[in-house]
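Put chains D, C and Z on the given structure of chain A with help from the hints.
4 protein chains.
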Amino acid sequence: MAERPEYPTALGASSRDRITLLGHDLAEDVMGEVGFGELAFWLATQRRPGPGETRVFEAVLAALADHGFTPTAIVTRLTYLSAPDSVQGALAAGLLGGGSRFLGVTEDTGRFLHAVLDSVDGKPPATDEEWDALALRTVRAEREAKRFVPGLGHHVHKDGDPRTPRLMRIAAEEGLFGPHLSLFAAIGRVHPRVLGKKLPLNGAGVCGAALADLGLPLELLRGFALLARTAGLIGQLAEELRRPVGNEIFLSVDLNNRPVAPDPYTPGDRHG
Amino acid sequence: MAERPEYPTALGASSRDRITLLGHDLAEDVMGEVGFGELAFWLATQRRPGPGETRVFEAVLAALADHGFTPTAIVTRLTYLSAPDSVQGALAAGLLGGGSRFLGVTEDTGRFLHAVLDSVDGKPPATDEEWDALALRTVRAEREAKRFVPGLGHHVHKDGDPRTPRLMRIAAEEGLFGPHLSLFAAIGRVHPRVLGKKLPLNGAGVCGAALADLGLPLELLRGFALLARTAGLIGQLAEELRRPVGNEIFLSVDLNNRPVAPDPYTPGDRHG
Amino acid sequence: MAERPEYPTALGASSRDRITLLGHDLAEDVMGEVGFGELAFWLATQRRPGPGETRVFEAVLAALADHGFTPTAIVTRLTYLSAPDSVQGALAAGLLGGGSRFLGVTEDTGRFLHAVLDSVDGKPPATDEEWDALALRTVRAEREAKRFVPGLGHHVHKDGDPRTPRLMRIAAEEGLFGPHLSLFAAIGRVHPRVLGKKLPLNGAGVCGAALADLGLPLELLRGFALLARTAGLIGQLAEELRRPVGNEIFLSVDLNNRPVAPDPYTPGDRHG
Amino acid sequence: MAERPEYPTALGASSRDRITLLGHDLAEDVMGEVGFGELAFWLATQRRPGPGETRVFEAVLAALADHGFTPTAIVTRLTYLSAPDSVQGALAAGLLGGGSRFLGVTEDTGRFLHAVLDSVDGKPPATDEEWDALALRTVRAEREAKRFVPGLGHHVHKDGDPRTPRLMRIAAEEGLFGPHLSLFAAIGRVHPRVLGKKLPLNGAGVCGAALADLGLPLELLRGFALLARTAGLIGQLAEELRRPVGNEIFLSVDLNNRPVAPDPYTPGDRHG
Chain A
752 MAERPEYPTA
762 LGASSRDRIT
772 LLGHDLAEDV
782 MGEVGFGELA
792 FWLATQRRPG
802 PGETRVFEAV
812 LAALADHGFT
822 PTAIVTRLTY
832 LSAPDSVQGA
842 LAAGLLGGGS
852 RFLGVTEDTG
862 RFLHAVLDSV
872 DGKPPATDEE
882 WDALALRTVR
892 AEREAKRFVP
902 GLGHHVHKDG
912 DPRTPRLMRI
922 AAEEGLFGPH
932 LSLFAAIGRV
942 HPRVLGKKLP
952 LNGAGVCGAA
962 LADLGLPLEL
972 LRGFALLART
982 AGLIGQLAEE
992 LRRPVGNEIF
1002 LSVDLNNRPV
1012 APDPYTPGDR
1022 HG
Chain D
752 MAERPEYPTA
762 LGASSRDRIT
772 LLGHDLAEDV
782 MGEVGFGELA
792 FWLATQRRPG
802 PGETRVFEAV
812 LAALADHGFT
822 PTAIVTRLTY
832 LSAPDSVQGA
842 LAAGLLGGGS
852 RFLGVTEDTG
862 RFLHAVLDSV
872 DGKPPATDEE
882 WDALALRTVR
892 AEREAKRFVP
902 GLGHHVHKDG
912 DPRTPRLMRI
922 AAEEGLFGPH
932 LSLFAAIGRV
942 HPRVLGKKLP
952 LNGAGVCGAA
962 LADLGLPLEL
972 LRGFALLART
982 AGLIGQLAEE
992 LRRPVGNEIF
1002 LSVDLNNRPV
1012 APDPYTPGDR
1022 HG
Chain C
752 MAERPEYPTA
762 LGASSRDRIT
772 LLGHDLAEDV
782 MGEVGFGELA
792 FWLATQRRPG
802 PGETRVFEAV
812 LAALADHGFT
822 PTAIVTRLTY
832 LSAPDSVQGA
842 LAAGLLGGGS
852 RFLGVTEDTG
862 RFLHAVLDSV
872 DGKPPATDEE
882 WDALALRTVR
892 AEREAKRFVP
902 GLGHHVHKDG
912 DPRTPRLMRI
922 AAEEGLFGPH
932 LSLFAAIGRV
942 HPRVLGKKLP
952 LNGAGVCGAA
962 LADLGLPLEL
972 LRGFALLART
982 AGLIGQLAEE
992 LRRPVGNEIF
1002 LSVDLNNRPV
1012 APDPYTPGDR
1022 HG
Chain Z
752 MAERPEYPTA
762 LGASSRDRIT
772 LLGHDLAEDV
782 MGEVGFGELA
792 FWLATQRRPG
802 PGETRVFEAV
812 LAALADHGFT
822 PTAIVTRLTY
832 LSAPDSVQGA
842 LAAGLLGGGS
852 RFLGVTEDTG
862 RFLHAVLDSV
872 DGKPPATDEE
882 WDALALRTVR
892 AEREAKRFVP
902 GLGHHVHKDG
912 DPRTPRLMRI
922 AAEEGLFGPH
932 LSLFAAIGRV
942 HPRVLGKKLP
952 LNGAGVCGAA
962 LADLGLPLEL
972 LRGFALLART
982 AGLIGQLAEE
992 LRRPVGNEIF
1002 LSVDLNNRPV
1012 APDPYTPGDR
1022 HG
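Here the protein sequences line up with chains A, D, C and Z, keeping their order. FYI, in this note's numbering the residues of the first sequence are 752 to 1023. FYI, in this note's numbering the residues of the second sequence are 752 to 1023. FYI, in this note's numbering the residues of the third sequence are 752 to 1023. FYI, in this note's numbering the residues of the fourth sequence are 752 to 1023.
Heads up, a few of these hints could be off.
If several chains are the same, the list does not tell them apart, and a pair holds so long as it fits within one copy or across any two.
Once the Cα atoms are required to be at most 20 Å apart in a straight line, the calculated EDC-like pairs of lysine to aspartate or glutamate come out as [claimed, not checked]:
#: 1; residue 1: K897; residue 2: E999
#: 2; residue 1: K948; residue 2: E893
#: 3; residue 1: K949; residue 2: E757
#: 4; residue 1: K948; residue 2: D1005
#: 5; residue 1: K948; residue 2: E895
#: 6; residue 1: K909; residue 2: D768
#: 7; residue 1: K949; residue 2: D879
#: 8; residue 1: K909; residue 2: D1005
#: 9; residue 1: K897; residue 2: D879
#: 10; residue 1: K897; residue 2: E881
#: 11; residue 1: K949; residue 2: E893
#: 12; residue 1: K949; residue 2: D883
#: 13; residue 1: K909; residue 2: E924
#: 14; residue 1: K874; residue 2: D776
Keep in mind that the hints were calculated from the coordinates and are not lab data.
Next comes chain A alone, as it looks inside the complex (with noise of 0.2 Å):
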């Protein structure tokens, strides 16, 4: 470490007279002249958008904005319930929702399908054969390692999710169908003659795809998936402060209780 450390970024800066932002003039050149969600896009990779690329992202962040009373929409009403000074912390509540379980299939799709083609010896496939070939050796490989093919299924949407088709279309429409979203398209064609049933390609997954073919760093897709549900959690408070609910989703928990006796954990599967 240096004497005097420096930390270097090209995201914010401010003189005395001027604000920078990705090196652009804030006031005159960010504000009143760029979306937010082309700001975001911006912001995460530190290049400009095109419109389409715009066009698509924004397409997913509608898609995982708000899923209605979900977890985490139910922490944050009711963290605000209960600490109703820190609209901070009822909106932190609710994104550490965000893992593995509820938003994390956005990631896990992103990456699982990024991994396939990467190992991918030579050029992509480039018909559709090509990729219902490739597709096929995945499934099945997935198969044999009794592993979920992420992105494939939902308890609720089983005749088909209707996010899916239609964000296809947007890509396509804005020439951004890539290899992700071709290598899941294919997936979702296949799957059957493996898995011996029709599947539906869930709308988590294919935000997952479209953000990879859109260039945004992998680690981070989770991240979109958490700047979505910001908005959508926004919107759960402002309907929990003139239609409150969560005084009496706490009441169904608490009077419903049953009392019973411990239960002393002994750790039989333990050794010794």
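Just chains D, C and Z, lined up with the frame of chain A:
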């Protein structure tokens, strides 16, 4: 509580083959059609904003997205350093700094201006002279109560915060320069007569005035600052992944620690 | 700021072959010698408590550790359901509900009693009659200001909170029944004369009084409630692992959602 | 889901005149009778530990409570600087750093040792020679798989972490030196034969071994590290209130920022 409670919501809902958001078909009418800033506004108010409202709103979000190495940015980078497996934890930790001191000015200013406007009997001011008179009474009252006027002053931009005139211009262009911005601007004109020196109207404050003029819920103004900051913190994480500084920040503190003797706490100002 | 800043601390420090905590050798003098409640007190005040202080402090922690299916417990269970990979996220989310409403009474009561004691000119009361007189003035002043007295009243334990007499007895046994507890007890005796009905002194309130009598920093009284609750939330997680209810709680809300039409927000109480 | 769900729990419950915790009367049988470490153990396992178990458990908590200016401590101080109104937010933010890298070693070591013990066919080792043989196979297997052995090595205490022999001694004194500690100790003896150099058994690792020998749930070992750290972070906040360094840390970063040009992200390792 009813035997079977019901939880009403106008936000996300889904059936086997359809997903709705705010009463609209998510796939067909929202994805690809609604920008992210527009959607965030819509979720918070349950009404779709017009293009001018969206532009002002997104200008506010741009103004608040990232201010470089703020405590929130440092916190997100250090938390990611400690727990790289949990992007949601790093973002949540950063947002938790969005309280009274750093991100709170936006909300404080919006609430303050609204309270002043709310206290006016009869019709609101119509001319610059009338606004100046109201602003003068307001600044004097705060001065007498030994309180600071929220949104006034900046420790770096002492000669003027470049975001302030820019946001006012955008709001005026869109016909959205309402009473909160009018009062805030008047405070900027008249306060030297009371305080004896000229202070800048800061960017966080003008954002609060603009959000209040957009008719957004005052209780959630801090929430919009947090939404903007979520995009900024993702940018900070993306940069940390490629140009890491978190470990060096940690070491710059840890290696400069100076062990001192304990200093027993005695509540000297305590009774008994 | 100096060219090379220094950060003084009396807490943990380490060299190649030694670790100290609060100026003591961690391995030899703290581990195995100092109980956890004792250590938490010591860390917060930088002075080692005596056995009586530790007993009162640990009694307070026991009183606050777990209250069943509170919002904080539900939040921790739901967050773990969503993100089982992040125990730290589930605990942090639960603690974020420790704000003004649920866990805040302890701090509010301690601060309130201290402010009253601080405002007394001359020497503090010495007899029950003098304490009653002070308490009577205090309750009357709050009544006139239309404020509630913190720590008074409980929605379940309407005839008396069993923790209150017990903690007072423990404090008396240890010779630690100080001015805060004295004033709180007096409020319990005299308030019916002002309010016209008898309310219980609640457990959260008496904990605040006891912590204040122990000389702990008033700004952190909420922190001790959060420490106690951390142990309780680990208990909630341990039970969730063996007798899970999180998913059923989630479904009991989600399956009882009732889609309603959006209700556009109009800041009707808004100027202009 | 039943029409009216029930949520069983053995933790806190209350009726109009009684509060129970783990089936005991909270006021009479827990408060003043049960220490805080003892209670935390009891809550996590639903069985009351004996005095020896409590002593080992509290020694672990002491070992993990505070390590000076760790990222978690810095995060709590910076968050408090930004949002002093929310002590719960500052503590939660600090705990969010308790992930895989900093506080995770305790859990990783406990799980690792348990998995090795679980894989042993027949009866567990009984003599030092048998433990050494098992340890040797274990270290060799990790070496071949190019994985690190959790709990081995320390960047400061290169000649030995003073907490390790001390905790082993305490466990032995209490008759609680079980198979996890035995295996860990054997790894400490034999690893130089495989790795060619002597590394210390670190304090976080020995804590994980001791917690596993106490029969605590492996899934929550990280939780106990977080409980210990909560006490430490309250100590950090208490010190920050009296000897603040948060603002200076913030400035030491912000004033040493170095604006650089954006570096557009190109997923070069990306297909297509």
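Checked hints:
1. K897 <-> E999: Answer is neither: 42 Å inside a copy and 28 Å across each miss the 20 Å cutoff.
2. K948 <-> E893: within (15 Å within a copy, 40 Å between copies)
3. K949 <-> E757: neither (55 Å within a copy, 34 Å between copies)
4. K948 <-> D1005: Classified as neither: same-chain Cα gap 42 Å, cross-chain 28 Å, threshold 20 Å.
5. K948 <-> E895: Only inside one copy: K948 and E895 sit 16 Å apart there, 41 Å across copies, limit 20 Å.
6. K909 <-> D768: between (57 Å within a copy, 8 Å between copies)
7. K949 <-> D879: within (19 Å within a copy, 57 Å between copies)
8. K909 <-> D1005: between (34 Å within a copy, 18 Å between copies)
9. K897 <-> D879: Classified as neither: same-chain Cα gap 26 Å, cross-chain 40 Å, threshold 20 Å.
10. K897 <-> E881: This pair counts as neither: shortest intra-copy Cα distance 24 Å, inter-copy 36 Å.
11. K949 <-> E893: within (16 Å within a copy, 41 Å between copies)
12. K949 <-> D883: within (15 Å within a copy, 53 Å between copies)
13. K909 <-> E924: This pair counts as neither: shortest intra-copy Cα distance 26 Å, inter-copy 48 Å.
14. K874 <-> D776: neither (42 Å within a copy, 39 Å between copies)
In this structure, the earlier hints numbered 1, 3, 4, 9, 10, 13 and 14 are contradicted, and the remaining ones agree with it.
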